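Just so we're aligned, residue 1 is where the sequence shown starts under UniProt numbering, counting upward by one.
Since the hints were made in silico from the structure, they are not lab data.
Quick caveat, the model's predicted, so the values are computed rather than measured.
Heads up, the beta-carbon is just placed ideally off N, CA and C, and yes, glycines get one too.
Do not take every clue at face value.
DEER-style ranges, computed between Cβ atoms [said to hold, decoys possible]:
#1 Arg8 <-> Ala193: 30 to 38 Å
#2 Gly141 <-> Pro96: 16 to 24 Å
#3 Arg175 <-> Ala5: 15 to 23 Å
#4 Glu59 <-> Ala5: 28 to 36 Å
#5 Ala167 <-> Pro61: 15 to 23 Å
#6 Leu87 <-> Glu125: 34 to 42 Å
#7 Ala70 <-> Gly141: 22 to 30 Å
#8 Phe6 <-> Ala193: 40 to 48 Å
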Amino acid sequence: MDRDAFRRRWIEFEPFLESGRGGLTELEWVRAIAPRVTADDLERIEADWDLDRRVALLEPPASTIATLTALRELGLKVGVLSNTHALELRAWPRSPLAALVDDVALSHEIGVCKPEPRAYALILERLGVAPARAAYVGDGGSNELDGARAAGFGLVVLAEAAAAEHAPGDLPRLRKQADVSVAELTEVVALVAS
């Protein structure tokens, strides 16, 4: 199958997968659209996918751990709202990040994705925090910053590192969606402490 055609079909399918409405797992989808894929191919795909996500979760940047630790030391509740699918997060329970957050709302488990209002409402409800008293920090993917603003978050923060690395041309648009932008995640601590 042509790589570009595969990518286009994946982009169309992934939102259904992330919301738990896909009806197929990642590997079942690959098998369905690429019938000549072998069992060995599927095993390799799964292993590569797992390795990529496992490394990100098991070896997060020191700045992420430092930021979450500092927020907890301030007595703040911390939640994670992520558009993701099951295969991406198999390593979450073993991640050092898991112990540093109060709750996690994963789109494939909650049935809605950012920027849908229900996704934001659910994590706020789980944390027991009113939107106006909450800060939302994100890299801007999935139109999440506009979603957070519409959900009534008191502070919307763009964590610029991912966009700066992968889509620097998007930074001006993303900065307009946020109340403030930070180059380093650790800057969030001073923002919310004041």
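Out of the numbered hints, which ones does the structure contradict?
-> Violated hints (numbers, rising): 1, 3 and 6; every other hint is consistent with the structure.
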